[in-house]
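These protein sequences, in sequence, are chains A and B.
For reference, each letter of the first sequence is one residue, going 1 to 738 in my numbering.
For reference, each letter of the second sequence is one residue, going 1 to 326 in my numbering.
Since the hints were made in silico from the structure, they are not lab data.
For every residue, glycine included, the Cβ atom is placed at its ideal position computed from N, Cα and C.
Fair warning: there could be bad hints in the mix.
Per label pair, the in silico range of CB-to-CB distance [said to hold, decoys possible]:
no.	chain 1	residue 1	chain 2	residue 2	range
1	A	D101	B	S17	53 to 59 Å
2	A	K21	B	T46	48 to 54 Å
3	B	P127	A	K429	40 to 46 Å
4	A	D101	B	D35	56 to 62 Å
5	A	D681	B	A62	45 to 51 Å
6	A	Q25	B	E186	53 to 59 Å
7	A	D31	B	S99	22 to 28 Å
8	B	E45	A	G423	56 to 62 Å
9	B	K38	A	A677	23 to 29 Å
10	B	G134	A	K21	48 to 54 Å
11	B	E45	A	R204	33 to 39 Å
12	A	R659	B	Q201	19 to 25 Å
13	A	Q25	B	K38	46 to 52 Å
14	B	R65	A	A677	23 to 29 Å
In silico DSS-like pairs for lysine-lysine, Cα to Cα no more than 30 Å straight-line [stated by the list, open to error]:
no.	chain 1	residue 1	chain 2	residue 2
15	B	K298	A	K736
16	A	K459	A	K7
17	A	K130	B	K38
18	A	K330	A	K265
19	B	K84	A	K725
20	B	K84	B	K38
21	B	K38	A	K725
22	A	K265	A	K61
23	A	K103	B	K38
24	B	K105	B	K219
25	A	K157	A	K88
26	B	K84	A	K61
27	B	K84	A	K429
Chain B is nowhere near these chain A residues, computed Cβ spacing over 12 Å in every case [to be verified]:
no.	residue
28	G18
29	H653
30	D729
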Amino acid sequence: MEMKDAKVLGAALPRVDGPQKLTGQAMYAADHHLENMLYGYGVYSTISKGTITDIDTSAAKQMPGVVDVFHHNHFTDRIYKAPTSMKKGLKVDESRLPFEDNKVYYAGQMVAYVVADTFAKAREAALKIKVSYQEDSNPVSSINQARAAGVEVQEQKPVGKSRGDAETAFSNSAYTHEATYTTPVETHNPMEMHATTAYWENGRLVVYESTQGVTFSRNTIARVFGLVQENVVVKTPFLGSGFGGKLFSWPHCFATAAISRELGKPVHFMVPRAQMFTTTGHRSSTEQTLRMSADENGNFTSIAHHTLNSTSEIDTRVESAGVITPIFYKCPNVDVANNVIPLNTGSPASMRAPGAAPGLFASESAIDELAVAMNMDPLELRRKNYTDRDQTEDLPWSDINILEAYDKGAAKFGWDKRTPEPGSMRDGKDVLGWGVAACAWDAMKNPSKASVSFLSNGKVRVSCAIQDIGTGTYNVMAQAVAAATGVDVENVEVKIGDSDYVDGPLSGGSWATASVLPAVKDACENAIEELKSYAVMKNSPFADAKEDDLTFADGMLSDSNGTSIAFADILKSQKLASAEGEGSSDASMKEGFSSRVFGVHFVEVKWDPEIADLRVSRVVSAIDVGKIINHKTATNQVSGAVVMGIGMAMFEHTEYDERTGRPTNNNIAEYLMPVHADMPDELDVILLDKPDYNFSEVGAKGLGEIGITGLAAAVANAVYHATGKRIRDLPITIDKLI
Amino acid sequence: MRQFSYVRAESAAQAVSAKGIEANEFLAGGSTLIDLVKLDVMQPETVVDINSLPLYDIEELADGRLKIGALVSNTALAYHPVVKEKYAVLSAALLSGASTSLRNKATTGGNVMQRVRCSYFRDGISPCNKREPGSGCAAIGGHNRSVHAVLGTSEHCIASHPSDMCVAMAAIGATVVVKGPQGEREIPFTDFHLQPGNTPQKEHAKAADELITHVILDKPIAGNRSHYLKLRDRASYQFALASSAVIVSVEGGAIKEARLAMGGVATKPWRAFEAEQSLIGKAPSAQAFQQAAEIAFKDAVPQSQNAFKIPLGKNAVIRSLKTVTA
Numbered sequence: 001m002e003m004k005d006a007k008v009l010g011a012a013l014p015r016v017d018g019p020q021k022l023t024g025q026a027m028y029a030a031d032h033h034l035e036n037m038l039y040g041y042g043v044y045s046t047i048s049k050g051t052i053t054d055i056d057t058s059a060a061k062q063m064p065g066v067v068d069v070f071h072h073n074h075f076t077d078r079i080y081k082a083p084t085s086m087k088k089g090l091k092v093d094e095s096r097l098p099f100e101d102n103k104v105y106y107a108g109q110m111v112a113y114v115v116a117d118t119f120a121k122a123r124e125a126a127l128k129i130k131v132s133y134q135e136d137s138n139p140v141s142s143i144n145q146a147r148a149a150g151v152e153v154q155e156q157k158p159v160g161k162s163r164g165d166a167e168t169a170f171s172n173s174a175y176t177h178e179a180t181y182t183t184p185v186e187t188h189n190p191m192e193m194h195a196t197t198a199y200w201e202n203g204r205l206v207v208y209e210s211t212q213g214v215t216f217s218r219n220t221i222a223r224v225f226g227l228v229q230e231n232v233v234v235k236t237p238f239l240g241s242g243f244g245g246k247l248f249s250w251p252h253c254f255a256t257a258a259i260s261r262e263l264g265k266p267v268h269f270m271v272p273r274a275q276m277f278t279t280t281g282h283r284s285s286t287e288q289t290l291r292m293s294a295d296e297n298g299n300f301t302s303i304a305h306h307t308l309n310s311t312s313e314i315d316t317r318v319e320s321a322g323v324i325t326p327i328f329y330k331c332p333n334v335d336v337a338n339n340v341i342p343l344n345t346g347s348p349a350s351m352r353a354p355g356a357a358p359g360l361f362a363s364e365s366a367i368d369e370l371a372v373a374m375n376m377d378p379l380e381l382r383r384k385n386y387t388d389r390d391q392t393e394d395l396p397w398s399d400i401n402i403l404e405a406y407d408k409g410a411a412k413f414g415w416d417k418r419t420p421e422p423g424s425m426r427d428g429k430d431v432l433g434w435g436v437a438a439c440a441w442d443a444m445k446n447p448s449k450a451s452v453s454f455l456s457n458g459k460v461r462v463s464c465a466i467q468d469i470g471t472g473t474y475n476v477m478a479q480a481v482a483a484a485t486g487v488d489v490e491n492v493e494v495k496i497g498d499s500d501y502v503d504g505p506l507s508g509g510s511w512a513t514a515s516v517l518p519a520v521k522d523a524c525e526n527a528i529e530e531l532k533s534y535a536v537m538k539n540s541p542f543a544d545a546k547e548d549d550l551t552f553a554d555g556m557l558s559d560s561n562g563t564s565i566a567f568a569d570i571l572k573s574q575k576l577a578s579a580e581g582e583g584s585s586d587a588s589m590k591e592g593f594s595s596r597v598f599g600v601h602f603v604e605v606k607w608d609p610e611i612a613d614l615r616v617s618r619v620v621s622a623i624d625v626g627k628i629i630n631h632k633t634a635t636n637q638v639s640g641a642v643v644m645g646i647g648m649a650m651f652e653h654t655e656y657d658e659r660t661g662r663p664t665n666n667n668i669a670e671y672l673m674p675v676h677a678d679m680p681d682e683l684d685v686i687l688l689d690k691p692d693y694n695f696s697e698v699g700a701k702g703l704g705e706i707g708i709t710g711l712a713a714a715v716a717n718a719v720y721h722a723t724g725k726r727i728r729d730l731p732i733t734i735d736k737l738i
Numbered sequence: 001m002r003q004f005s006y007v008r009a010e011s012a013a014q015a016v017s018a019k020g021i022e023a024n025e026f027l028a029g030g031s032t033l034i035d036l037v038k039l040d041v042m043q044p045e046t047v048v049d050i051n052s053l054p055l056y057d058i059e060e061l062a063d064g065r066l067k068i069g070a071l072v073s074n075t076a077l078a079y080h081p082v083v084k085e086k087y088a089v090l091s092a093a094l095l096s097g098a099s100t101s102l103r104n105k106a107t108t109g110g111n112v113m114q115r116v117r118c119s120y121f122r123d124g125i126s127p128c129n130k131r132e133p134g135s136g137c138a139a140i141g142g143h144n145r146s147v148h149a150v151l152g153t154s155e156h157c158i159a160s161h162p163s164d165m166c167v168a169m170a171a172i173g174a175t176v177v178v179k180g181p182q183g184e185r186e187i188p189f190t191d192f193h194l195q196p197g198n199t200p201q202k203e204h205a206k207a208a209d210e211l212i213t214h215v216i217l218d219k220p221i222a223g224n225r226s227h228y229l230k231l232r233d234r235a236s237y238q239f240a241l242a243s244s245a246v247i248v249s250v251e252g253g254a255i256k257e258a259r260l261a262m263g264g265v266a267t268k269p270w271r272a273f274e275a276e277q278s279l280i281g282k283a284p285s286a287q288a289f290q291q292a293a294e295i296a297f298k299d300a301v302p303q304s305q306n307a308f309k310i311p312l313g314k315n316a317v318i319r320s321l322k323t324v325t326a
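Pulled out of the complex, with its shape left as it was, chain A reads as follows (with noise of 0.2 Å):
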């Protein structure tokens, strides 16, 4: 059967879960109020590097209201270590148990954990705890710090394949450009902060988690807990956003569960907005240097990628930028390279397209000032570096159109009309900077279940321990669902976001929809074949048939006499309350290929040079993703990820002051993230919507990431073409310009 219901599957259908969320009946990780429930509030240390030598609870202890404070000396011993496995949906992004011991690693890592009968007394408490520190010499927060302090650079196994010699085509070509790019330390700000809220019933915990992955949330608290996984259920039916820093379960998520074992009731507990900035991590810091070199004709020739990211003491994590740079262009001699420096900030992780979004910044800037060292158009210089295979693997692409993306997107951006000499266009007292980068990121699946169920209401179930992170799984499953047994989308109903469902997917990686549709897919073929079976029994209207010559259309079985009934029917007729399926997607790919997504992005800065002032105010990205489930959802996601882009390339930066290691614009108001009126004039995303049958049956890919990919470097390279000067250090704010 193929899912070919274009109407269905590619319509641009509002989100289903829509008025839940806009009448407040969506619930979130903290909505939660539950009999006899205590509140949480955290003590977080004011040192970045040291030992806890006391922590004086006494007047917090006396506080009406006050439950009890736990902290170093508590639970150790009733909680292990939750080991690492992705195959095996086991990992954290901090290692350390909460409360593990006396050390401190980073500022704002939690010391004490205050429980009392209502939020408000709880955090009252927890300003009433005095802890004492001896504070180790030297701590450092920023890379300069730690190089300077003499912290020793680790080196890691390199993130790309190497291949031929770039150090030598480097010295002997026509053109060469060696630059260093740095990215700052950037926040996750998801409008929901992280939130747990957890109790114990019968030996079972219950946990509501603001998590990206249910299914990965549940088998790491497990393991934490000692448990079976059937004694453990995870909850996220909605959530208010995660970009990465939702993957995995975060120590506050283990000690709410941990107290509310001590205590034998529910707790709740909620990270404030100022501690996400310390102890639910952030992507790191990096410095790359680039090495570019390309021959006479432009044809490169060799691109040596070096990168140093911030890790922290207690966590090695490595910024994978540089991973995509030996695949995407047509390049003999490649050099990728990967170290960490410890910082004694909280452990980072992923964020939106990690790696790529500050490797294509870097590498995507490089490609632009070979360009301008070469007196070559920089779109044509990569669409003469355009290779059909994936270079490391040396494998064919299972699709690529970046050519078709590179033509559609400057068509639309008007780019033939470009010159090329910075500070040439201008619009009234405004100069134009018009610039290009491609972006580019991983097409990924894993594995899936799905279950589907045909009632005897007339409606279709479908479930999956998946969560809808904000992106629109409700509704591509609804759609998939829709598109596979020919029922409306209204009538199908959507359960996710709980780990008691069929395992399913994080959703991260933009694998979500990938992994999850050929299961749904396959989950509603075998509903079917249950239905059949049905069908054909006594008193059943296809009594008489076989199953064999049965076909199932449009919600309903008909027979060769065109005899045709609906599913909800023949349920009636055998006083069936369901006909179920369940469907699995292994995530195994067809040999022979390698398999990516691609786009590019054409974007416009207006640059007021008598007072400074930059603003993006047109952006073109033509993405090539391969089949496009719900273009409303999948036009949103682009658009999101260019506006936080916009956010890369000219504001987020997290501030850490050297000193104590404090960040100090711990605030959505002092962290700057676009705003509605920093929206670009124009933004217009082209979806080239072409199915990658080599990839899957469904033909999708993912699309969450990509659209951060390459933004910072296009306006990069716009700043540039607006003012001749190249700001190789994000965000470009306009102190660096003036």
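Got chain A; can you put chain B on it based on the hints?
Okay, now just chain B, sitting in the frame of chain A:
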């Protein structure tokens, strides 16, 4: 949040008597107070809610001045027909600040009393002479790029005054009317806010038990044109890196009257009297504007991260002057 007592005042006199000591606070829109109480930076013993007082009117006085009740919201003030027509610079300044929902809550008196945005003041733990006199100033040598001043600083405090409204009022010229136990008195607007000097904890000329009841704007300059320009990283919802409020009248090809105030760059709403004087009688020209801007910033002292505010502030002044004389 710490506990505090709450009093709803039914009259200005009652409000003043309930206020009494420094440790108590008036509550109007709450957009500063509640924020800082939640951050545990302010710990009032008693909060005196003044929202029941009849201070919501905007009245044109016989002498041509405009009397604004302290509880008039930023939104109501910005869209008031007289303000839009005669004090356009004030309307523009108000609308460049905060967000719609904040402007709906924030009041005229509250905006005058707005506290600084320095993160070391707001974090409750860093050395800060404003919050804890004598503890030092963490902003000096720390992060001081965005909400710190180049004018009017001292070795004890460098935080910039965050208000846009006050910059426009400083340019227009105004009087702050306060009511205390001894009765009512008027304070010229440019004297109301204090430079930090050796006492950064003392931010204004009002006594602790005095309540702002009104702000009275000076009579508008005849035939003026005005401009408010706010420069910042993002296009909205950010305090000014540098701003300028300019009011100019031109007669016979020469500048007759000029008012110039700056925001984002100074420890108080900064009226540049000397720069104004340099413009009087001159024909509008790039040279005259440049000179005025240089004078306005001649005493500027940059901190470790905010030197760019000096050229940025000058640029704002020049652009505003250009705009009103174009």
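> Okay, which hints does this one fail, numbers in order?
Replying inline: 2, 4, 11, 13, 14, 18, 19, 20, 21, 26, 29
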